[in-house]
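Student: Each chain, letter by letter, is given below.
2 protein chains.
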Amino acid sequence: MDLAVSPLALSFPEMPPIDGVTLRAARARYKDWNRADLTYVELSEGTALAGVFTRSLCASSEVELGREQVRGGRARALVVNAGNANAFTGYRGREAVEAIMKQTAEHIGCLPVEVLVSSTGVIGVPLPQDKARQGLAAAFAADIAGWEDAATAIGTTDTFAKGAHASAMIGEQRVELCGIIKGSGMIAPDMATMLGYVFTDAAVEPAFLQNLLNAATAETFNCITVDGDTSTSDTVLVFATGKADHAVIDSWESPGADAFAAALTDVCRNLAQLVVRDGEGASKFINVRVSGAVSDDSARKVGLAIANSPLVKTAIAGEDANWGRVVMAVGKAGEPADRDRLSIGFGGVWAARDGLPVEDYDETPVAEHLKGKEIELAVDLGMGSGRAVVWTCDLTHGYISINADYRS
Amino acid sequence: MDLAVSPLALSFPEMPPIDGVTLRAARARYKDWNRADLTYVELSEGTALAGVFTRSLCASSEVELGREQVRGGRARALVVNAGNANAFTGYRGREAVEAIMKQTAEHIGCLPVEVLVSSTGVIGVPLPQDKARQGLAAAFAADIAGWEDAATAIGTTDTFAKGAHASAMIGEQRVELCGIIKGSGMIAPDMATMLGYVFTDAAVEPAFLQNLLNAATAETFNCITVDGDTSTSDTVLVFATGKADHAVIDSWESPGADAFAAALTDVCRNLAQLVVRDGEGASKFINVRVSGAVSDDSARKVGLAIANSPLVKTAIAGEDANWGRVVMAVGKAGEPADRDRLSIGFGGVWAARDGLPVEDYDETPVAEHLKGKEIELAVDLGMGSGRAVVWTCDLTHGYISINADYRS
Numbered sequence: 001m002d003l004a005v006s007p008l009a010l011s012f013p014e015m016p017p018i019d020g021v022t023l024r025a026a027r028a029r030y031k032d033w034n035r036a037d038l039t040y041v042e043l044s045e046g047t048a049l050a051g052v053f054t055r056s057l058c059a060s061s062e063v064e065l066g067r068e069q070v071r072g073g074r075a076r077a078l079v080v081n082a083g084n085a086n087a088f089t090g091y092r093g094r095e096a097v098e099a100i101m102k103q104t105a106e107h108i109g110c111l112p113v114e115v116l117v118s119s120t121g122v123i124g125v126p127l128p129q130d131k132a133r134q135g136l137a138a139a140f141a142a143d144i145a146g147w148e149d150a151a152t153a154i155g156t157t158d159t160f161a162k163g164a165h166a167s168a169m170i171g172e173q174r175v176e177l178c179g180i181i182k183g184s185g186m187i188a189p190d191m192a193t194m195l196g197y198v199f200t201d202a203a204v205e206p207a208f209l210q211n212l213l214n215a216a217t218a219e220t221f222n223c224i225t226v227d228g229d230t231s232t233s234d235t236v237l238v239f240a241t242g243k244a245d246h247a248v249i250d251s252w253e254s255p256g257a258d259a260f261a262a263a264l265t266d267v268c269r270n271l272a273q274l275v276v277r278d279g280e281g282a283s284k285f286i287n288v289r290v291s292g293a294v295s296d297d298s299a300r301k302v303g304l305a306i307a308n309s310p311l312v313k314t315a316i317a318g319e320d321a322n323w324g325r326v327v328m329a330v331g332k333a334g335e336p337a338d339r340d341r342l343s344i345g346f347g348g349v350w351a352a353r354d355g356l357p358v359e360d361y362d363e364t365p366v367a368e369h370l371k372g373k374e375i376e377l378a379v380d381l382g383m384g385s386g387r388a389v390v391w392t393c394d395l396t397h398g399y400i401s402i403n404a405d406y407r408s
Numbered sequence: 001m002d003l004a005v006s007p008l009a010l011s012f013p014e015m016p017p018i019d020g021v022t023l024r025a026a027r028a029r030y031k032d033w034n035r036a037d038l039t040y041v042e043l044s045e046g047t048a049l050a051g052v053f054t055r056s057l058c059a060s061s062e063v064e065l066g067r068e069q070v071r072g073g074r075a076r077a078l079v080v081n082a083g084n085a086n087a088f089t090g091y092r093g094r095e096a097v098e099a100i101m102k103q104t105a106e107h108i109g110c111l112p113v114e115v116l117v118s119s120t121g122v123i124g125v126p127l128p129q130d131k132a133r134q135g136l137a138a139a140f141a142a143d144i145a146g147w148e149d150a151a152t153a154i155g156t157t158d159t160f161a162k163g164a165h166a167s168a169m170i171g172e173q174r175v176e177l178c179g180i181i182k183g184s185g186m187i188a189p190d191m192a193t194m195l196g197y198v199f200t201d202a203a204v205e206p207a208f209l210q211n212l213l214n215a216a217t218a219e220t221f222n223c224i225t226v227d228g229d230t231s232t233s234d235t236v237l238v239f240a241t242g243k244a245d246h247a248v249i250d251s252w253e254s255p256g257a258d259a260f261a262a263a264l265t266d267v268c269r270n271l272a273q274l275v276v277r278d279g280e281g282a283s284k285f286i287n288v289r290v291s292g293a294v295s296d297d298s299a300r301k302v303g304l305a306i307a308n309s310p311l312v313k314t315a316i317a318g319e320d321a322n323w324g325r326v327v328m329a330v331g332k333a334g335e336p337a338d339r340d341r342l343s344i345g346f347g348g349v350w351a352a353r354d355g356l357p358v359e360d361y362d363e364t365p366v367a368e369h370l371k372g373k374e375i376e377l378a379v380d381l382g383m384g385s386g387r388a389v390v391w392t393c394d395l396t397h398g399y400i401s402i403n404a405d406y407r408s
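Taken in sequence, the protein lines are chains A and B.
All letters in the first sequence, in the order written, are residues 1 to 408 by the numbering used here.
All letters in the second sequence, in the order written, are residues 1 to 408 by the numbering used here.
To be clear, the hints were calculated from the coordinates, so they are not data collected in a lab.
Remember, predicted model here, so these are calculated numbers, not experimental data.
Check the hints yourself; a few may be wrong.
[Said to hold, decoys possible] Keeping only pairs whose Cα atoms sit at most 30 Å apart, straight-line, the calculated BS3-like set for lysine-lysine is:
{"#": "1", "chain 1": "B", "residue 1": "K31", "chain 2": "B", "residue 2": "K131"}
{"#": "2", "chain 1": "B", "residue 1": "K371", "chain 2": "B", "residue 2": "K301"}
{"#": "3", "chain 1": "A", "residue 1": "K131", "chain 2": "A", "residue 2": "K31"}
{"#": "4", "chain 1": "A", "residue 1": "K371", "chain 2": "A", "residue 2": "K301"}
{"#": "5", "chain 1": "A", "residue 1": "K371", "chain 2": "B", "residue 2": "K31"}
{"#": "6", "chain 1": "B", "residue 1": "K102", "chain 2": "B", "residue 2": "K243"}
{"#": "7", "chain 1": "B", "residue 1": "K243", "chain 2": "B", "residue 2": "K301"}
{"#": "8", "chain 1": "B", "residue 1": "K301", "chain 2": "A", "residue 2": "K301"}
{"#": "9", "chain 1": "B", "residue 1": "K371", "chain 2": "A", "residue 2": "K31"}
[Unchecked claim] Here are the in silico distance ranges between beta carbons for each label pair:
{"#": "10", "chain 1": "B", "residue 1": "A367", "chain 2": "A", "residue 2": "Q129", "range": "51 to 61 Å"}
{"#": "11", "chain 1": "B", "residue 1": "D405", "chain 2": "A", "residue 2": "N211", "range": "31 to 41 Å"}
{"#": "12", "chain 1": "A", "residue 1": "W33", "chain 2": "B", "residue 2": "D340", "range": "25 to 35 Å"}
{"#": "13", "chain 1": "B", "residue 1": "D340", "chain 2": "A", "residue 2": "R174", "range": "45 to 55 Å"}
{"#": "14", "chain 1": "B", "residue 1": "H107", "chain 2": "A", "residue 2": "R341", "range": "44 to 54 Å"}
[What the hints assert, rightly or not] If you want the ones that stay clear, here's a sample from chain B, every Cβ over 12 Å from chain A, calculated:
{"#": "15", "residue": "K31"}
{"#": "16", "residue": "N34"}
{"#": "17", "residue": "T364"}
Cβ coordinates follow ideal geometry from the N, Cα and C atoms, glycine included.
Whenever a hint applies, use it, and build me the whole structure from the sequences.
Tutor: Here is the structure:
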């Protein structure tokens, strides 16, 4: 099954190398495809690690082990397998991950616990240990790869390579942050996973790095949805090599902490939005802006209820300013709302205000806006000052085709 | 837009008249369609009333008033408008409902509070009072209608008329229960609502009738889903005229209480399943049976997570025994589960047991089962003895066509 490149795709950005990060890729041949599918990233000694993982109760061994490894706060390598999620594979799946950790640790002379492993692809088939072992050996010997090569190698049903870059000044020292990500939805019988990795040469203490990642995740990765289906393998890791010449950032009082946090959030937001732009069948990128909620968290929940509603998503696919469906989604969110204070608008034009259709509502500019690829949907609840932005895509025949028409 | 009759449609059953219930229908012409769209049901004096309503926080005036009326426990009439939901219409919508209550109360000589009103159709347009007034006057003068006429008149985008019947013996007295329902999903820019009505000649005290309805709803209407989008107007009402000759049922100790409760649940289950059978774009009816949960409520939540997953629904549309997607849905449900105790099967064949694919799994009978229209999906969590059954339909191109391709 060849997927057309998403109409919302962006070209891969210019991204500088990161001191202390070496990328390599090779063919483990997890699937019968003609490209690298095993990515190996070596990290310099002392690299700080932070990570966030799926909340699925059926998470893969990679995720279970990753959670333990993040508590250690240090990493020397990352291995990503594309084509097999190794989820729901019991002890055999866990053995396959531990074998990769051991082989890599022996290669670079570190502890197995410092080797992070991610896998994405089909569920229920243990990762074949022979393919992993040979692929990993090939990767150790491979030429150094670039960011776009690595972003391509970690993909499965992704239709374009996804990367983002930011920099920050820590005093006089400029630090770089480069991120790559994969994910778009699911394809029979694969379950796509969102795997994201951010690399930086900044020096950041692991516990504080984890705090920064948690905060960034709350307003970036946790604010996107394609189809509301949570993967068993979602993983975002941040690696900070500390090669840049500045005092270690270990609290909000550290010089440059604010700048670094802003750059990290910036990269995370760009990566998160790229996943939505590659959403299965997506033809429109939708910004759902919720204001006037009782809290920011409440606003996010309302935003996700709207963004996950198949009726809102199909209305936008049909370029239909159907604000009645938005009313429905707000009503089902279960968050404090009052029908008579609710306002809804598209592309900067209010269609309904304070619980009533706008009297002289002109749908012409709204219809024009909905013909575009970037949609603005605004909801004001009129209850308080909580606000959030959630990003999603529309629901089209393409989603059904990808997930129902093609068989495993 | 003409919709083809659902491939899962059932023919309308034989249903007897109910003593104390008189059906009439007329054309209010809420939309430009060639059929009756205002249904008027007159109920004999002393009819007991119970009802359950949408939990939407953006509910219509009909729902708000209905909640108050149910507390009174008595009804003399029901008026159903099809083609306009009268939701999100503020004080003008409420005035339209109150006008209908007043006109009907004057006609039959009762209190306005004894007149129940439901409306279904487009959101955001106040119900036109002139059409309602003329339609209602025409209904008062109309010939007596049958159950199938009424079931057709309350429909909007429904593709077939939906009714269910049961009887129960209260001592030596046989009582009848007849129900009609409408609902299938949504169509631009209408938001379909699920409106269900059960009529019986049994004599039941209103508070106990409400208890019975709440219990029946928990295992019937609250166990179906088409697309997870909750309407602003969902309403189920039960009217008990008390014309049958038996002692009033007012507690579980009353003779015949068990039999009546079973018959009521039976009618509610049949009506609920009929809505799923008319689910937008549905090609398969799916029984999701969850066992081994820590509680029945937990089982229901897991069942709904599976039934609402677009990936599970598209897999079944594609006749793909993709149990990896079921693992995903269990994992995201947030209920107690353990990957290594989870079992999943289709059509009576286990594909995975205790967290591992079944070694000698033969997909042939499963593939054959999935080609049918009635699908059995079983999930055992291996945690406890909680169980539930949830009913849903698959997600097909038909759903997208109905909700995105056609414009308002």
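Student: Each hint should be assessed against the structure and marked as holding or not.
Tutor: Quick rundown of the hints versus the structure:
1. Annotation: proposed proximity of K31 of chain B to K131 of chain B holds, straight-line Cα distance about 10 Å (limit 30 Å).
2. Restraint check for K371 of chain B and K301 of chain B: the C-alpha separation of about 27 Å stays at or below 30 Å, so the hint holds.
3. Under the criterion of a C-alpha separation no larger than 30 Å, the hint pairing K131 of chain A with K31 of chain A is consistent with the structure, at around 10 Å.
4. As the CA atoms of K371 of chain A and K301 of chain A are separated by approximately 27 Å, the hinted pair is consistent with the 30 Å bound.
5. Proximity of K371 of chain A to K31 of chain B is assessed by CA-CA distance (about 28 Å); at most 30 Å being required, the pair is judged to hold.
6. For the given pair, K102 of chain B sits about 26 Å from K243 of chain B by alpha-carbon distance, which is consistent with the 30 Å threshold.
7. Taking the CA atoms of K243 of chain B and K301 of chain B, the gap is near 39 Å; set against the 30 Å cutoff, the hint is violated.
8. Taking the CA atoms of K301 of chain B and K301 of chain A, the gap is near 19 Å; set against the 30 Å cutoff, the hint holds.
9. Note on K371 of chain B and K31 of chain A: the hinted pairing holds, with a Cα-Cα distance of about 28 Å set against a maximum of 30 Å.
10. Our hint of 51 to 61 Å for A367 of chain B and Q129 of chain A is violated, since their Cβ atoms are close to 30 Å apart.
11. One distance hint, 31 to 41 Å for the beta-carbon pair D405 of chain B and N211 of chain A, is violated here, with the actual separation near 47 Å.
12. Between W33 of chain A and D340 of chain B, the C-beta spacing of about 31 Å keeps the proposed range 25 to 35 Å intact.
13. About 48 Å separates the C-beta atoms of D340 of chain B and R174 of chain A, a value consistent with the hinted range of 45 to 55 Å.
14. Distance hint check: the CB atoms of H107 of chain B and R341 of chain A are about 37 Å apart, inconsistent with the given range 44 to 54 Å.
15. K31 of chain B, annotated as away from the interface, keeps every beta carbon of chain A farther than 12 Å; the closest lies near 15 Å.
16. The non-interface label for N34 of chain B is consistent with chain A: the shortest C-beta to C-beta separation is roughly 25 Å, beyond 12 Å.
17. At roughly 15 Å from the closest C-beta of chain A, the C-beta of T364 of chain B stays outside 12 Å, upholding its exclusion from the interface.
The structure fails to meet hints 7, 10, 11, 14 from the earlier list, while all remaining hints are met.
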